Amino acid sequence: MIEALCAKIGGIWCYWPKNNTTFFAVVIGIVIILLIILWLLVKKVR
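Quick note, the sequence shown lines up with residues 686 to 731 if you use our numbering.
Just so you know, the hints here were simulated from the structure itself, not pulled from any lab data.
These numbers were taken from a predicted model, which means no experiment stands behind them.
All residues carry an ideal CB built from backbone N, CA and C; glycine is no exception.
Any given hint might turn out to be false.
Stated by the list, open to error - Computed beta-carbon distance windows for the label pairs: (1) Ala689 <-> Lys728: 16 to 26 Å; (2) Lys729 <-> Lys693: 17 to 27 Å; (3) Ala692 <-> Trp724: 26 to 36 Å; (4) Arg731 <-> Ala692: 38 to 48 Å; (5) Val716 <-> Lys693: 33 to 43 Å; (6) Ala689 <-> Leu720: 24 to 34 Å; (7) Ile715 <-> Lys693: 19 to 29 Å.
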């Protein structure tokens, strides 16, 4: 799947480590944390 994304889109997908689930988990964790921070900021503004 990642190889297909690399071929079609390129960019960051080409640097994706093969079969590295911990890297995938870290990326998902960072995204979730950023979404929570954004949600809290929006809540504060309103």
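Verification of the supplied hints:
Taking 16 to 26 Å as the suggested C-beta distance range, the pair Ala689 and Lys728 does not conform, at roughly 38 Å. Remark: the range hint 17 to 27 Å for Lys729 to Lys693 is contradicted by a beta-carbon distance near 39 Å. Taken as a hint, the range 26 to 36 Å holds for the pair Ala692 and Trp724, whose Cβ atoms sit roughly 35 Å apart. In this structure the supplied range 38 to 48 Å holds for Arg731 paired with Ala692, their Cβ-Cβ distance being about 43 Å.
Separation of Val716 from Lys693 is about 21 Å and departs from the stated range, judged on CB atoms against 33 to 43 Å. For the hinted restraint 24 to 34 Å between Ala689 and Leu720, the CB-CB distance of approximately 26 Å keeps it satisfied. Range check, Ile715 to Lys693: Cβ separation about 24 Å, and the 19 to 29 Å hint holds.
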